[in-house]
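Peer 1: Whenever a hint applies, use it, and build me the whole structure from the sequences.
So you can see what is in the structure, the chains are spelled out below.
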Amino acid sequence: MSSEEKTLTARGLRVEFGLPGGRVARAVDGVDLDVAPGEIVALAGESGCGKTTLARTLLGLEKATGGTVAFDGVPLRYSTRALKAYRRQVQLVLQDPSGALNPRHTVYDAVAEGLRIHGITDDEPGRVADALSRAGLRPPEQFFLAYPHELSGGQRQRVVIAGALVLEPSILVADEPVASLDASVRGEILSLLLRLKEEQGLGALVITHDLGLAWSIADRIAIMYLGRIVEQGPVEQVLTAPRHPYTRALVSVLPASPVLREAVAEPIVLAGELPDASKIPGGCRFRPRCQEVASGNALPVLHQCTGEDLKVLGPEADSHQVACHLDRSLHGDARIGV
Amino acid sequence: MTTTPISPRALRWARRRQSFTRSWNAYRSQRTGMIGLVLLGAIVILALAAPLLIDQSQLSVTQATGERMAPPSAGYPLGTDEVGRSILALTLWGSRLSLLIGLTATVVAIVIGTALGVTSGHIGGWYGWVALRVSDWFMVLPSLVVAIALLAVLGRSMSTTIIVIALVSWSGTTRLVRAQTLTVQARPYLERARALGAGHWHQMSKHILPNVLPLVLASATLLVPSAILMESSLAWLGLGDPNVVSWGSILNRASNNGAVSAHAWWYLLPPGLAILLVVLAFMMCGRALEAVFNPRLRGEQG
Amino acid sequence: MTLLEFKDLRVTYTGSRGRLPALRGVDLTVEAGRTLGIAGESGCGKSTLAMAVLRLLPKTAEVSGEILLDGEDLLAMGWGRLRAVRWTGASIVFQGAMHSLNAVHRIGRQVAEPILVHEKGTTPAQAAKRAEALLERVGLPASRMRSYPHELSGGQRQRVMIAMALACDPQLVIADEATTALDVMVQAQVLQLISGLVTERGVGLMMISHDLSVLSSVCDEAAVMYAGRVVERGPAHEVFANARHPYSAALGAAFPVIGDPAARKNPGGLAGDPPDPVRLPEGCSFRPRCAVAVERCGEDSPELLEVGPKRVSACFVAQEGMPVVL
Numbered sequence: 001m002s003s004e005e006k007t008l009t010a011r012g013l014r015v016e017f018g019l020p021g022g023r024v025a026r027a028v029d030g031v032d033l034d035v036a037p038g039e040i041v042a043l044a045g046e047s048g049c050g051k052t053t054l055a056r057t058l059l060g061l062e063k064a065t066g067g068t069v070a071f072d073g074v075p076l077r078y079s080t081r082a083l084k085a086y087r088r089q090v091q092l093v094l095q096d097p098s099g100a101l102n103p104r105h106t107v108y109d110a111v112a113e114g115l116r117i118h119g120i121t122d123d124e125p126g127r128v129a130d131a132l133s134r135a136g137l138r139p140p141e142q143f144f145l146a147y148p149h150e151l152s153g154g155q156r157q158r159v160v161i162a163g164a165l166v167l168e169p170s171i172l173v174a175d176e177p178v179a180s181l182d183a184s185v186r187g188e189i190l191s192l193l194l195r196l197k198e199e200q201g202l203g204a205l206v207i208t209h210d211l212g213l214a215w216s217i218a219d220r221i222a223i224m225y226l227g228r229i230v231e232q233g234p235v236e237q238v239l240t241a242p243r244h245p246y247t248r249a250l251v252s253v254l255p256a257s258p259v260l261r262e263a264v265a266e267p268i269v270l271a272g273e274l275p276d277a278s279k280i281p282g283g284c285r286f287r288p289r290c291q292e293v294a295s296g297n298a299l300p301v302l303h304q305c306t307g308e309d310l311k312v313l314g315p316e317a318d319s320h321q322v323a324c325h326l327d328r329s330l331h332g333d334a335r336i337g338v
Numbered sequence: 001m002t003t004t005p006i007s008p009r010a011l012r013w014a015r016r017r018q019s020f021t022r023s024w025n026a027y028r029s030q031r032t033g034m035i036g037l038v039l040l041g042a043i044v045i046l047a048l049a050a051p052l053l054i055d056q057s058q059l060s061v062t063q064a065t066g067e068r069m070a071p072p073s074a075g076y077p078l079g080t081d082e083v084g085r086s087i088l089a090l091t092l093w094g095s096r097l098s099l100l101i102g103l104t105a106t107v108v109a110i111v112i113g114t115a116l117g118v119t120s121g122h123i124g125g126w127y128g129w130v131a132l133r134v135s136d137w138f139m140v141l142p143s144l145v146v147a148i149a150l151l152a153v154l155g156r157s158m159s160t161t162i163i164v165i166a167l168v169s170w171s172g173t174t175r176l177v178r179a180q181t182l183t184v185q186a187r188p189y190l191e192r193a194r195a196l197g198a199g200h201w202h203q204m205s206k207h208i209l210p211n212v213l214p215l216v217l218a219s220a221t222l223l224v225p226s227a228i229l230m231e232s233s234l235a236w237l238g239l240g241d242p243n244v245v246s247w248g249s250i251l252n253r254a255s256n257n258g259a260v261s262a263h264a265w266w267y268l269l270p271p272g273l274a275i276l277l278v279v280l281a282f283m284m285c286g287r288a289l290e291a292v293f294n295p296r297l298r299g300e301q302g
Numbered sequence: 001m002t003l004l005e006f007k008d009l010r011v012t013y014t015g016s017r018g019r020l021p022a023l024r025g026v027d028l029t030v031e032a033g034r035t036l037g038i039a040g041e042s043g044c045g046k047s048t049l050a051m052a053v054l055r056l057l058p059k060t061a062e063v064s065g066e067i068l069l070d071g072e073d074l075l076a077m078g079w080g081r082l083r084a085v086r087w088t089g090a091s092i093v094f095q096g097a098m099h100s101l102n103a104v105h106r107i108g109r110q111v112a113e114p115i116l117v118h119e120k121g122t123t124p125a126q127a128a129k130r131a132e133a134l135l136e137r138v139g140l141p142a143s144r145m146r147s148y149p150h151e152l153s154g155g156q157r158q159r160v161m162i163a164m165a166l167a168c169d170p171q172l173v174i175a176d177e178a179t180t181a182l183d184v185m186v187q188a189q190v191l192q193l194i195s196g197l198v199t200e201r202g203v204g205l206m207m208i209s210h211d212l213s214v215l216s217s218v219c220d221e222a223a224v225m226y227a228g229r230v231v232e233r234g235p236a237h238e239v240f241a242n243a244r245h246p247y248s249a250a251l252g253a254a255f256p257v258i259g260d261p262a263a264r265k266n267p268g269g270l271a272g273d274p275p276d277p278v279r280l281p282e283g284c285s286f287r288p289r290c291a292v293a294v295e296r297c298g299e300d301s302p303e304l305l306e307v308g309p310k311r312v313s314a315c316f317v318a319q320e321g322m323p324v325v326l
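Chains as they are written, first to last, in the UniProt record's numbering: chain V, 1 to 338; chain Y, 1 to 302; chain X, 1 to 326.
Worth double-checking, as some hints may not be accurate.
Stated by the list, open to error - Computed list of lysine-lysine pairs in BS3-like fashion (alpha-carbon distance at most 25 Å, straight line):
(1) V:K311 / V:K63
(2) V:K6 / X:K310
(3) V:K279 / V:K311
(4) V:K311 / V:K84
(5) V:K84 / V:K6
(6) V:K84 / Y:K206
Unchecked claim - Which bits of chain Y does chain V cover? Going by a derived footprint, with three or more residues having C-beta under 8 Å, they are:
(7) 11–22
(8) 180–192
(9) 200–207
Note that these hints are calculated values from the structure, not bench results. Note that the coordinates shown come from a computational prediction; the quantities given were computed from them, not determined experimentally. In this text, a Cβ means the ideal position worked out from N, Cα and C, and glycines have one as well.
Peer 2: Quick look at the structure:
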């Protein structure tokens, strides 16, 4: 996949932050990930798992301390000019559309901002109108001079999306794009992302804590835990037949999932909370909370769980991969093709 | 633009007018602000009209016509000074210089303060740290002592007075602007602008400055009176430009020529009251503006 | 036994744009030891409902109707009686736990405070002991008594809020979006805790959420609100799985069931936005967004009528036994 054109790739990506007291938080701790045009990849995990840091690093808003981010095979450099060129290709959609728009700027100014930054002056009104109508705000001229506070939450998010689309990017990185929207409006924004993918071949990395959202729109999903991807693969496989204990627990606690209720008799509610990124346990990072370790199921591989770090999952797009010693002992190699 | 009946530019201006009207209504609802504004308007009109009301020749020491240190009379409603000039004329003409120095010094201080505040808050890092320390340093310096020392070195003239006042009063603005910059900085729309590829200049000029300016305006209104007071203090201490008349210099002459021991209240009161009134008017306007523009003082909002 | 009863509750706010009806005649009951879920989007009036129970509405709000707690009308109550009721009769768990806790006091003191205030004759030592037991019950070690709110995680703070709400053994607990800001796993922990407490203590629970799927897994009964009215009521899992009002159907579809092939790559949702309360549409207020609306919907406002066993719906289409989803 990585050879394919216009793909956003991350290889061995690490982001570390220095904390007071000389501790180091490993927010992203070895991630391989590909996002190609025409596919939607969901990156799911709890808050604090590093998914937002990963997104910011992919956008060049945060510097990687190790590994590489590349677009179209060209590694990202952090010079002002290189970043500017990169940003025409990879764009961001933020969680809270009310905060993402400057309250003093009109919709027109907000959407045209990208064009002005990149010095694209030909046919500005036409481009803005086109971006707005692609984001579903029609007729676009009616929205030109509106201020954000005059729009509904869904319309604001469409303006944010239009502001990204106006640069004609290949990839969108959307951080919780519907988390702050009303339930009935969420569907519309998700449909919009799906339509942009299908009709215009846009690729998207959607960061979310909501597995239902992944089921609604994503082709692939990666589950992140404490800075690593612990399971990834096609959505159907990962969500209906999860193999990593963490994913199984996440899926089991979803309200009303009758399909899973039969396979997993009781919801698995993990005790405790996500550990601090500065105190990542050695061996398998999920071990202290793992229900398989607690129940004794993992006894045969326990020495590996406590002592052996797991390999970083590769970016292969169509295989279902799991970073779990127990799973490997049961299924052989972690990588199983379809 | 086919569906918009009016041109976008006209609409945008209409929007601006609308937001101005909103701020104006918020301002108007504050009585002290309105009193201050009326007072200030009257003072400014008098200062501007001074040449029409009283001929400049009345300020000349050699052409003075009145008695020395005469109490108020029909010809000299506010009495005369030690060379026989009209105190009314001096006070009226003095307002021009006091206001001019106060306003100019404030503008200079505000420009320095805003530039340093925005850049130190936005760029941060090593530069931000140094800028902050420098402004801290200026803040803790006893301003009058520094001003006296600087004037002694630079010489006494109107422009040095302005520079010196600006130099000792910019640091408060830097603090204020920096704090506001940091809050704007944390807003998601700046993250969005960065992701769009915006450089520092774009972020500062398009997002941060417009959000900081209203607060700067309010704080400027509060800086003017302190600049006027500082000018008066310096002039009273005899450090003003000897060739021009300001309220401070009137007071300086009064005390030098024994107005206090002569019980010549008419010599001391008019410039003193004028300073008090101007300071009060600016304070009232500044507080009202602050209440309009500072969301924290405005209390709850929708 | 009926614990809480709303009788034709109407609340109108007066804003700069005129009169905003927030609740337009709500009738609901909560039984002791049972859980009622209230679902709806922002602006549908669900939070107004919660605030009305504790009379926390702004002074400008016009309130009519009755709210009976154990047969006593809360709206007619004097302030002294109301103060007592606020902790011992009914208590509330809000969404933003950080803002509801006092940042400068230790957790133990904050949990013990309502006990000291409302139960005369309790010594501080007794109250502290009770607080300790409560914190342990919500899954926080006693050592947390000495922590400050900022030292706790979001899930832990929400647990403290629950402990505080339970401090004076109220008959009724209202949870207003109590788990919304939490992560999936922490949300599951808190929901498990709340359900456990309801059965263990026999309190009535009114749970307010925008997520119908969460309500369906925790609550016995669910009521869906739209534009200040209840539009559907029934057993929670049935309202979620087999809605009899087009709005409930759309709200349910917003949170897809994983594994449901119909929801795959087909995000559910509604066109349009919730109505402006100042200018509500004629007839059924949901009509402008409704896919199954008939002519009558534009003329009359539908009443809540029975559409099945224990099911009521305010939809003409459902009342005629027709499907509410295309």
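Peer 1: Compare the structure with each hint and give your call.
Peer 2: Now the hints, each set against the structure:
Between K311 of chain V and K63 of chain V, the direct Cα distance comes to roughly 23 Å. Compliance with the 25 Å bound is thereby established for this hinted pair. Proximity of K6 of chain V to K310 of chain X is assessed by CA-CA distance (about 56 Å); at most 25 Å being required, the pair is judged violated. Taking the CA atoms of K279 of chain V and K311 of chain V, the gap is near 19 Å; set against the 25 Å cutoff, the hint holds. Taken as a hint, the K311 of chain V and K84 of chain V pair is broken in the structure, with Cα atoms around 34 Å apart against an allowance of 25 Å.
As the CA atoms of K84 of chain V and K6 of chain V are separated by approximately 16 Å, the hinted pair is consistent with the 25 Å bound. Only pairs whose Cα atoms come within 25 Å are accepted, and K84 of chain V paired with K206 of chain Y is accepted, the gap being roughly 18 Å. Counting residues of the stretch 11–22 of chain Y whose CB lies closer than 8 Å to any CB of chain V gives 3, so the stated coverage by that chain holds, three being the minimum. Counting residues of the stretch 180–192 of chain Y whose beta-carbon sits less than 8 Å from any beta-carbon of chain V gives 5, enough to reach three: the coverage restraint holds.
For the stretch 200–207 of chain Y, the proposed coverage by chain V is satisfied: 3 residues have a C-beta within less than 8 Å of a C-beta in that chain, meeting the threshold of three.
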